[in-house]
Amino acid sequence: MTTTLLPARRKDQPRDARLADRRSRQDHPSWFLWPALAMLVIFFFTPTIYNFVYAFTDWSSFKSEIGFVGFDNFVKLLQNGSLLSDLRVTLVYAILVAIFQNLFGLGLALVLERDTRINRFARAAFFVPVIMSALAVGYVFQAILKPDGVLNNFLTTLTGGEVSIPWLGSTTWTIVVVAIIHAWKWMGLSMLIYLAGLKTINEEVIEAAQLDGAGYWRIFKAVRWPLLAPAVTFNFATALLGSMNGFDIVQATTAGGPGGSTELLNIFIFRTFGQGLFAQATAMSLVLFLVVALLAFPVIIYLRRRERVL
Amino acid sequence: MTTASPTLKRARRLVQPTAAILLTVLLLGVPFMIIIFTAGKDQGAALNPDLSPPATWQLWSNLATVLDEGNMVQALFGSLLVMVPSVLLVLVLGSLASWILARRSSRSMAVLYALAISGIVLPPAVVTIVLLLRQLGLAGTAIGMISVYTGMYLSTVIFFVTGFIRTIPMELEEAARMDGAGPFRVFWKVIVPLLTPTLATASILICLYIWNDVFYALFVIGGRIDTLPLNLFDVASAGLYLQRWHMIFSYIILMSLPLLTVFVFLQRKIISGITSGAVK
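Chains as they are written, first to last, in this note's numbering: chain W, 1 to 310; chain X, 1 to 280.
It should be emphasised that the hints constitute simulated quantities derived from the structure, not laboratory data. C-beta atoms are modelled at their ideal positions from N, C-alpha and C, and glycine is treated no differently. Don't take each hint at face value.
To be verified - Okay, the calculated bits of chain X under chain W, using three or more residues with CB under 8 Å as the criterion: (1) 14 to 24; (2) 37 to 43; (3) 75 to 87; (4) 150 to 157; (5) 244 to 250; (6) 262 to 271.
Said to hold, decoys possible - With a cut-off of at most 25 Å between alpha-carbon atoms, the simulated SDA-like pairs for lysine to any residue come out as follows: (7) LYS189/X x LEU37/W; (8) LYS221/W x LYS189/X; (9) LYS221/W x ASN202/W; (10) LYS199/W x ILE204/X; (11) LYS9/X x GLU113/W; (12) LYS189/X x PRO35/W; (13) LYS9/X x ILE206/W; (14) LYS199/W x GLY140/X; (15) LYS199/W x THR116/W; (16) LYS76/W x LEU290/W; (17) LYS63/W x GLY140/X; (18) LYS199/W x ILE99/W; (19) LYS221/W x GLU207/W; (20) LYS199/W x LEU205/X; (21) LYS9/X x ASN119/W; (22) LYS199/W x ASN119/W; (23) LYS189/X x GLY140/X.
Could you build the full structure based on these sequences and the hints that come with them?
Rendered as structure tokens:
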């Protein structure tokens, strides 16, 4: 990234380089940076560093003093099973959301690709869930998916037999249902990014493939899909990492249930914090941070490599 | 999209609009109709929200009831109180910093930039933020919430704006400097006018995040300051409107209206802004 930024003349003469550097410092003084850096350091990095400290204490609402307890919180979370179970739920949820959101988004983008009046309207309409509150979306689907809700009633009239599927009451499948709701809310954003990606594909490449007699699906598989790679990576990464940090939709639909089968790390953190067990909540928050950081590392490297290419 | 055979072309010309309309009706029309119909019913009819229109519409009176009973006006001011300063701060501080990060090219700047944008993916330490705010005496205050949002979303602005400033030719700045303009004047007269579209996109995204945020608000100002989502959480999940769907859906309609109105008027700009920012 840095190399591309250096103006060409600096490479030739080191003396000029030093001069240019000093001038650049005068022309772009550091004090422009300070306010933003101060806010970042105080309100973003400091709490993060605190995470690494207070996760190893007995900080709670039940006592006024805070003492170090080593790995006690993590041992407790491992022993009662919530650490591994919530971590698994969060990862499964994030992967499901990433898959569904991209499937829906890409499907919509392909259907609404041409610039017609209907398509322009539909594209705008699919952005409405994106601007709605996730909590609100969760409540709406809670009502739709109730055992005696509209979906089961519809299926009852459709099949003739009594249908009462517990959409939000299955320890196995509810996580899939909630992930689909999450994907429904955000699919409009993925769609827009896929549409932008489709637009960057050179028409001539597609026309050449058509002249060779390739059909729609073949062109999609052999030409457009590979060229969509940047949009796919961007969408997949943002959906995956974003839903790792999810809370609202799950809280509004299942609040972590049934039986903890949809308990995301953030749901645990919120609940435990509410019970006054601050150190345990911090320990789980640290787990979330570490997992996301671990997953994000390859993503950031990828994004920076792309930046270098541009 | 052109296809080789003309018959196929004609068929696809019909298939595509049908599919578009069908998808829109099924995926959006049905849920939105359920919301509006249910919000227009009385309590008994709204027990099981469905696609049947209300026998007698009472949408306006329901909206008026939640507005009053649900404390929405106060919550609206709470939402604005934390959102507006956060967005302004993030935009101003973010673009000031981005200009330097984009134009200076030392190794330390590269490190600073990487740190500054790390917040895009890394989750904020939500529990210890509360501890920090207590130590600073800002717990439960609007200033505390604004500071937390600013710290969280600066990364997004810095990422967008730094990327954009790098595409602005240095010559534009040089010309202003030749005329004797100092750094601040160059920034204000040359850079800021060019940044407007990028800042507009970034502010829309951040408004959307903050307006709809309930998670961080629950930790920082929950129980102290009401915002629209916090209030919805209270009335829908535990209190006033538990399972009273006509009231919950009326609340949801009212709460979505401000952003929805903005979106309807600016939709073209918003959509093109977001797509051009994401995939370059």
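request  = Any hints from earlier that this structure breaks? Give me their numbers in increasing order, please.
outcome  = Result: hints 2, 3, 8, 14 and 23 break, sorted rising.
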